[in-house]
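Using the sequences and the accompanying hints, generate a full structural model.
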Amino acid sequence: MILAFIEQVDGAPTLLSLEVLTMAARLARNMDVPLDAVAIGPNGAAARGILTSYRVGTLHLADDLRLAAYAPAAWAHTIAELADRINAKVVIGTASDRGGEVMAHLAARMTLPLAANCTEIVPGDAFIVTRQRWGGSLLEEAHLKGRVKLLTLAPHALTAEASPNRTEVATQTFAPVLDDKDFRVRLIPQVEADSGKISLAQARVVIGGGRGVGSAEGFATLEELADLLGGAVGCSRVVTSLGWRPHADQVGQTGTRIAPDLYIACGISGAIQHMVGCRAAKHILAINTDPTAPIVKQADYAVIGDVQKVLSAVNAEIRRAKSGHERMVTEAPAG
Amino acid sequence: MPMNVLVCVKRVPATAGQITLTPDAQEIDTRYLGFTISPHEECAVEEAVRMIETHGGSSTVLTLGPEAAVDQLRDAMALGIERAILLETDGREWDPVATAAAIVEAIEAERAAGRSYDLVMFGNESADSAGYQVGVRVAGTLDLPCVTGIKAIEIDQGRAAVRRQTESGWETAEVALPAVLTVKEGLNLPRYPSLPGRLKAKKKEIERITPHWQDGGLEKIRLKLPVQAEHKVEILGKNGDVGAEMVEVFQRLRLL
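Protein sequence lines, in the order shown, are assigned to chains A and B. Just so it is clear: in the first sequence, position 206 is 206 by the working numbering, and no numbers are missing. Just so it is clear: in the second sequence, position 83 is 83 by the working numbering, and no numbers are missing.
Just so you know, these hints were derived from the structure itself, not from any lab. Where is the CB? At the ideal position from N, CA and C, for every residue including glycine. One should not assume that every hint holds.
Claimed, not checked - Okay, the calculated bits of chain A under chain B, using three or more residues with CB under 8 Å as the criterion:
id : region
1  : 178-190
2  : 205-213
As the list claims (entries may be wrong) - Under 7 Å between C-beta atoms, here's a sample of chain B residues computed to sit facing chain A:
id : residue
3  : D118
4  : V136
5  : T148
6  : W170
7  : L195
8  : E230
9  : V233
Rendered as structure tokens:
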């Protein structure tokens with residue numbers, strides 16, 4: 001039996017959970033064993049519909065009102081009990097903040113090894129896994145042992161694939177025996193008031209600044225370009241360390257991972273830790289005085305020059321293009 | 001209320017450019033690299049120093065690694081950490097299970113010697129092997145509450161109120177001490193070491209323990225570099241005025 005731990009929001013499995021189900025279904029086929037899933041938290045039962053496309057036999061739901069709030073140790077205890085009961089040989093979850101945290105607690109509780117951020121999994125007596133190091137800048141091939149194999153799947157290691165052949169999914173509710181101790185840590189969500197600002201992670205365009213921007217004040221031209229394009233401003237780690245921008249703006253391995261249509265990297269050299277954060281960008285435009293900077297080699301477009309001069313020119317050009325467009329609209333004959 | 005704080009860090013190569021591997025693909029080629037600790041751990045060190053400045057008590061830094069990891073312990077002491085413990089290895093890699101067990105053993109030995117920790121801090125994940133689990137395992141074995149991914153900590157009356165970032169805002173939790181917290185960069189802005197701090201750290205004694213190795217069940221076979229797709233860059237211009245060329249790119253990508 002393979003057990004997939006899925007995360008869901010209002011009954012809809014997250015994209016990363018669908019990727020986990022895709023990998024788990026492949027493993028189940030390879031190993032010729034059934035696949036079950038477990039969802040914890042409110043509305044888990046609503047996930048059943050989508051699971052019919054992922055070869056899931058049974059969706060297990062935990063019946064304990066205290067599990068409605070996120071309590072990592074309690075969630076892990078719940079999964080451990082279920083894994084024992086259904087004799088799971090593999091438990092696989094996402095490598096999201098929450099998925100990774102629950103799986104680490106599960107590994108600690110079951111005293112088993114855990115392979116985090118796997119991109120490939122080859123079953124066997126010991127599994128051979130490929131996993132990400134350095135945020136994905138380096139891969140490790142490793143043997144994963146243990147009577148139950150515990151893994152998290154790296155985000156976007158594969159594409160989630162719903163099977164066209166739907167299968168029946170049973171649901172089963174179980175009541176785990178939990179200790180008060182499991183609830184020592186409960187996380188209370190605080191949804192932030194919408195500031196009206198476009199978030200880095202969601203933005204279609206991100207303008208990132210590095211040391212080459214020159215100063216904290218130098219970011220004004222980046223802010224202006226962000227306003228003109230409807231994007232967000234990000235920065236490199238150097239800039240955060242210099243105190244020019246808050247850490248919330250940092251793109252990279254220890255900051256935010258972005259996935260815009262276009263990332264405009266201004267005066268950023270392109271350390272591997274930074275590239276990990278913008279790897280998911282569809283296009284990169286680098287502005288740099290140094291044509292040999294690593295970011296220039298990895299970009300789709302590059303401008304060799306000083307950030308302030310280049311941005312002032314492009315901001316003026318956009319304003320000109322926009323005002324020209326407006327003039328055409330206002331001057332267009334009526335009717 | 002004075003507190004005892006332990007910070008666990010890991011010596012890692014200071015990579016920035018392209019990673020290259022040793023011929024046997026077992027390690028990163030570090031011949032031309034310096035060494036450091038992860039940004040998350042730098043924040044853990046800074047937070048420990050601030051806590052002791054505010055609440056009194058004492059701070060200790062611990063690492064599991066080769067003799068050379070003394071450098072990273074001294075770096076932490078240069079910032080204001082008082083004591084340092086090296087769990088000295090022969091340089092081979094320890095997996096998360098073995099690492100956590102060695103740290104637990106050291107914490108228990110400290111307790112037996114009359115020093116118990118109110119707070120044990122880790123980085124959320126190490127910069128290199130990134131197992132995302134050592135702190136959680138240490139907490140599990142010591143039966144302590146654990147919160148990961150912390151970006152703000154308030155200590156008050158034997159409790160820690162913590163905050164962490166999510167996609168839609170923040171999550172908060174409150175735990176009684178003793179506890180284990182794993183932290184992320186952004187928790188604070190670490191200070192730079194002062195020259196007197198560096199000189200003082202140089203003279204300090206490092207306590208050494210030889211930990212017991214065990215097969216934790218996750219065993220490295222080899223390292224490999226991800227395949228890089230063939231890539232071509234279009235140079236839009238050099239210096240001068242490239243505004244029009246850039247606007248054309250924005251229009252091509254339907255951003256304008």
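Right, here's what the structure says about each hint:
no., hint, in the structure
1, 178-190, "holds (count 8)"
2, 205-213, "violated (count 1)"
3, D118, "violated (15 Å)"
4, V136, "holds (4 Å)"
5, T148, "holds (5 Å)"
6, W170, "holds (4 Å)"
7, L195, "violated (19 Å)"
8, E230, "violated (12 Å)"
9, V233, "holds (5 Å)"
Hints 2, 3, 7, 8 from the list above are not met by this structure, while the remaining hints are.
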